[in-house]
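A.B. asks: Sequence:
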Amino acid sequence: MDINNFILAIVILKEDKNKVEAGSAPVFYAEDDEELEYIAMMISRLTMSMVHDLGNGIYILVKH
1 MDINNFILAI
11 VILKEDKNKV
21 EAGSAPVFYA
31 EDDEELEYIA
41 MMISRLTMSM
51 VHDLGNGIYI
61 LVKH
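In the numbering used here, the protein residues as written are 1 to 64.
It cannot be assumed that every hint is accurate.
Once the Cα atoms are required to be at most 30 Å apart in a straight line, the calculated DSS-like pairs of lysine-lysine come out as [stated by the list, open to error]:
(1) K14 to K63
(2) K17 to K63
(3) K19 to K63
Keep in mind that the hints were calculated from the coordinates and are not lab data.
Since this is a predicted model, take the numbers as computed values, not measurements.
Make the full structure from the sequences, and use the hints.
C.D. replies: Written out as structure tokens, the structure reads:
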């Protein structure tokens, strides 16, 4: 595995927090879909990473 490709953060709705377990990446909880997208966008800009929507209400931020 290339060390340059890794998950920086996970962003999820509070109501879906049972879908993700805490691990090596920080988990950010949002109140609604608008805040979910905003948090993901801001972290992406600050860390120069890419946001990936897994399609089940979970966004992951990956540094490529």
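A.B. asks: Now look at each hint and say whether the structure bears it out.
C.D. replies: Hints versus structure:
1. This hinted pair checks out: K14 and K63 have alpha carbons roughly 24 Å apart, not beyond 30 Å.
2. Under the criterion of a C-alpha separation no larger than 30 Å, the hint pairing K17 with K63 is consistent with the structure, at around 23 Å.
3. For the given pair, K19 sits about 22 Å from K63 by alpha-carbon distance, which is consistent with the 30 Å threshold.
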